[in-house]
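Asker: What follows is the residue order along each chain.
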Amino acid sequence: MTESTIKPPKKNLGPVKWMRTHLFSSWYNTLLTLVVGYLLVTSVGPLVNWVFLDATFEGSGPGDCVGEGACWLFVNQRLNFFIYGFYPDELQWRVDIMFALLALAFVPQFIEGFPGRKWLGIFGMTGLPIIGYVLIPGGILGLEEVESSKWGGLMLTLILAYIGILASLPIGVLLAIGRRSDMPVIRGLCVVFIEVWRAVPLITVLFMASVMLPLFLPEGVNFEKLVRALIGITLWQSAYMAEVIRGGLQAIPRGQYEAAGALGLGYWRKMGLVILPQALKLVIPGIVNTFIALFKDTTLVLIIGLFDILGAVQSTIADPAWQNVAIEGYVFVAFCFWVFCFGISRYSQNLERKLDTGHKT
Amino acid sequence: MKKQSIDSRSAKPKPWYDPRVRALFFQIISLAVVFWAGWVLIDNTLSNMEDRGISTGFGFLDETAGFGIIMHLVPFDATMSYGRTFWVGLTNTLLVSAMGVVAATIIGFLVGVARLSSNWLVAKIALVYIEVIRNIPLLLQIFFWYFAVLASLPAPRQSMEVGGAFFLNNRGLYLPGPVTQDGFGLVWGAILVAIAAAVGLRSWAKKRQKASGQIFPTVKVSIALLVLLPLVAFFIAGQPLEWDLPALKGFNFDGGISLIPELAALWVALSLYTASFIAEIVRSGILAVSKGQTEASKALGLPNGLTLRLIVIPQAMRVIIPPLTSQYLNLVKNSSLATAIGYPDLVSVFMGTTLNQTGQAVEVVAITMSVYLTISLLISLLMNLYNRAVEIKER
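Residue numbers (the working numbering), protein chains in the order written: chain X, 1 to 361; chain D, 1 to 395.
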């Protein structure tokens, strides 16, 4: 045997070596590992028991939840309400179609090299809202009408977040361009609009939309509560969107503006053909991040009396037939939000890494 | 011929091709549109309010409120005016914001540093904390703490207690309250003297270091001054401090300092949620200081502690402070979620109860929004001043 094939001592190899450097590198780290490890072991065990081992998953009614663990039966039985709100059972296929189309349009965006994913994305921004506008409220093309007061649950959460982001995008682009304009009056108006909306909490905006909007409108014109909330959310969100897009506009080198001008392009063609395509591509991660923030903030609509997914759960845990199901309900909603937000934020981090061309200073 | 035509064109452009004329035109148009829209809105609002019999103006602020508020820092009862409810709400908002900022900063810095720990277990736990907490809506977390955790605590008679002084039950947290006696003024005086001495010491030590290069342990001596001087004064004055212990009277506790469950739930949720964002900011700030800086400082012979204090922290803070302030602003704005669980903050008291009772929607919403606008403009002004002070001075 030659010298080079002799293995290094065991303590410098494999898991032992790993543990020596990562867990027990000094007396201080050893102590920390032992204390934290003890706390972890003592808290994870009961948690697993509560969530899985002792939990009740199936049964016919509140009486079946007798164990020590979580009562997932509650979530199981109310799932229909949590997803569709008061939307009539026999018409829920319309919502299901929208869910399917939404998934078809946006899930491929996470998959590298999926055929035609660009076109699916464009469909998601243009065709999808039109189909949804026909399908969900109904009332035309022989579809039975469903009032917006019957919408609720996860469906309403998605509608609010989706329309909020889609409608605020064009307004945000205009505001961002306006804020970078050479004309002092237009720049001033845009700055005031953006800063005022960004300074106030969403909840005051929602209150304003539900209390004051009817006062602003002429006699006889009135919107449903959902539309009023959407107007408030869109205006508020467009201010944030404008700031994100402004970041992208600022990152475009001056030479691009000058080159477009030298080619003889006018202002709008310069913006539309040269500047905005580059700027928007740069800020996709930023837009995704504001979407996550908006998605979480849609829960606030329950304060003005709309039943989003949290509102649906909040109103059912008070049901006297079920005892102490608050934690189960909240954990379920938290899990739904967490899956969406964590997934999307991972995607945006991925994108950021991919779009980073290394030119940033 | 051709040359001439070019000349004649450039000599006198048509006015609608002149950028200055165009800019003026567009600005006048947009101003006109804004004024027209504003006028229509005001006109609609006035006529709508007239129809509904709502009077305009701020006269309602002097009328008697007639409702009670469960927690108030300024004196308040139902006979006081609506204007007073504004101050109650504002002070409650500022209280929970201040408490939240302090707690979120401490937790956030701890978790951010833990995230960079060489201990694998600690780093992973910090990562899980951040990724779980910041991806769950804040309102849900507030509900969780209020309806699921605090509501399941025992009733006052079965309170959890520590040493007969601290009590926790579903009505809130009760702590002993300090009551200062005669002669406590001496302690306050000692604290002031100690602060003045520490400031003086600092400038003296700086001057001496510049002149002679000798380093004086300013921080250690200052801390010793700040602790010892008031302590000595406390004993000289004959320990003029008593504790007011909470005690069970009837159905609830009385005396001491109490923390109502609404405040506790809001505080915990706001702090934990904001801390998860602060932790990421702290991490990226520390990572932003390049390794070369530490190495250069070592090469100059600075010990570890001084490297950290003079080289790493100042540069990390330059990266950390701007996003940190915007997190503080978010916290102040998010404290308005108080209204969902009934903590009497500005939005809940003033924009909720007062608005419903008076119907003065326009005035109340305008006042509330301008409060938040003022806070946010004030903080961004301070931010800009700070930024100007610490930005890298180049050429």
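No lab work stands behind these hints: they were computed from the structure. The C-beta atom is built at its ideal place from N, Cα and C for all residues, glycine as well. Any given hint could be a false lead.
Each pair of labels, with its calculated beta carbon distance range [stated by the list, open to error]: (1) Ser370/D / Arg187/X: 50 to 60 Å; (2) Ile252/X / Leu287/D: 19 to 29 Å; (3) Lys14/D / Glu112/X: 51 to 61 Å; (4) Val191/X / Ser212/D: 17 to 27 Å; (5) Leu385/D / Ile252/X: 28 to 38 Å; (6) Leu287/D / Arg20/X: 35 to 45 Å; (7) Gly305/D / Asn324/X: 33 to 43 Å.
Asker: Are the hints correct? Go through all of them and say.
Answerer: Okay, the hints, checked on the actual structure:
In this structure the supplied range 50 to 60 Å is violated for Ser370/D paired with Arg187/X, their Cβ-Cβ distance being about 23 Å. Take Ile252/X and Leu287/D: their Cβ atoms lie about 27 Å apart, and the range 19 to 29 Å holds. Distance hint check for Lys14/D and Glu112/X: the Cβ-Cβ separation is about 53 Å, which falls inside the suggested range of 51 to 61 Å. At about 52 Å, the beta-carbon gap between Val191/X and Ser212/D misses the expected band of 17 to 27 Å.
Leu385/D and Ile252/X have their C-beta atoms about 29 Å apart, which keeps the hinted 28 to 38 Å range intact. At roughly 25 Å, the beta-carbon separation of Leu287/D and Arg20/X lies outside the given 35 to 45 Å, and the hint is violated. A C-beta distance of roughly 52 Å is found between Gly305/D and Asn324/X, which places it outside the suggested range of 33 to 43 Å.
Comparing the model with each earlier hint shows violations of hints 1, 4, 6, 7; every other hint is respected.
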